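Trainee: Sequence:
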Amino acid sequence: MHEPAAATRDLRLPDPTVAVPTVPTVPPRPNRPGPRRRWRAWWLVAALAGLLLGVVGWRALAGAGDQPGAWGGHENGRIPPAELCPLAGAPGHRLRCDAAAAYGRMAVAYRARFRTRLCITDSYRPFETQVVAQREKPALAAKPGTSNHGWALAVDLCGGANDFGTRQHRWLQANAPSFGWRQPAWARKGGDRPEPWHWEFGKL
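Going by the working numbering, the sequence shown opens with residue 1, and the numbers climb by one from there.
It is worth saying that the hints were derived from the structure and are not from the lab.
Just so you know, nobody snuck in bad clues.
DSSO-like, lysine-lysine: derived pairs with alpha carbons at most 30 Å apart:
{"id": "1", "residue 1": "K137", "residue 2": "K203"}
{"id": "2", "residue 1": "K203", "residue 2": "K143"}
{"id": "3", "residue 1": "K189", "residue 2": "K143"}
{"id": "4", "residue 1": "K189", "residue 2": "K203"}
{"id": "5", "residue 1": "K137", "residue 2": "K189"}
Simulated restraints, written as ranges between beta carbons of each label pair:
{"id": "6", "residue 1": "E128", "residue 2": "R167", "range": "29 to 39 Å"}
{"id": "7", "residue 1": "R78", "residue 2": "R167", "range": "34 to 44 Å"}
{"id": "8", "residue 1": "T121", "residue 2": "S178", "range": "16 to 26 Å"}
{"id": "9", "residue 1": "E136", "residue 2": "G191", "range": "14 to 24 Å"}
{"id": "10", "residue 1": "R167", "residue 2": "G72", "range": "28 to 38 Å"}
{"id": "11", "residue 1": "P80", "residue 2": "T146", "range": "13 to 23 Å"}
Being a predicted model, the structure only gives us computed values, none of them experimental.
Even for Gly, the Cβ is constructed at its ideal location relative to N, Cα and C.
Let's have the full structure, built from the sequences with the hints guiding it.
Mentor: Following this line, the structure appears as structure tokens:
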């Protein structure tokens with residue numbers, strides 16, 4: 001008979017005049033990344049720094065910077081044979097390997113068009129050969145140590161490609177750039193020193 005009264009006492013509202021202790025609030029923690037996220041951020045920074053240093057290092061190895069065609073830290077006309085590749089269908093001729101591969105593709109397209117191989121007279125020219133060429137043909141040969149032949153990035157062609165206006169030369173003008181080969185402005189018709197046979201690999 002007394003149980004309902006006890007239950008009623010338990011359901012009574014607290015006396016508003018009695019102070020109720022409050023629980024102190026804890027300020028929220030700053031939104032800091034966890035150890036794993038911080039590690040990832042540092043890893044990303046390190047990777048970007050490494051990439052930047054790699055690019056700078058590669059450019060330093062590429063050569064003198066102010067000399068067009070310089071690469072690999074080599075001197076003009078003094079490139080180790082192991083750094084060069086032979087030209088397919090042109091015994092004795094060598095170029096930097098990417099230039100040699102591009103020349104090979106161009107030679108295949110040329111042969112498909114004219115049913116004959118792409119004629120070549122000159123490619124990589126060692127420094128000593130540049131000295132001889134400049135002595136024998138001072139009006140044509142570049143100063144030793146400055147020719148793109150010395151960087152293994154130039155060829156001299158023949159078999160009709162060595163004259164302006166021929167079918168072969170017109171084909172090269174239209175198609176060689178798609179293989180990465182171009183004539184510098186000085187070698188073109190109307191240039192400072194026209195050489196229809198001279199072509200160079202890469203940006204000019």
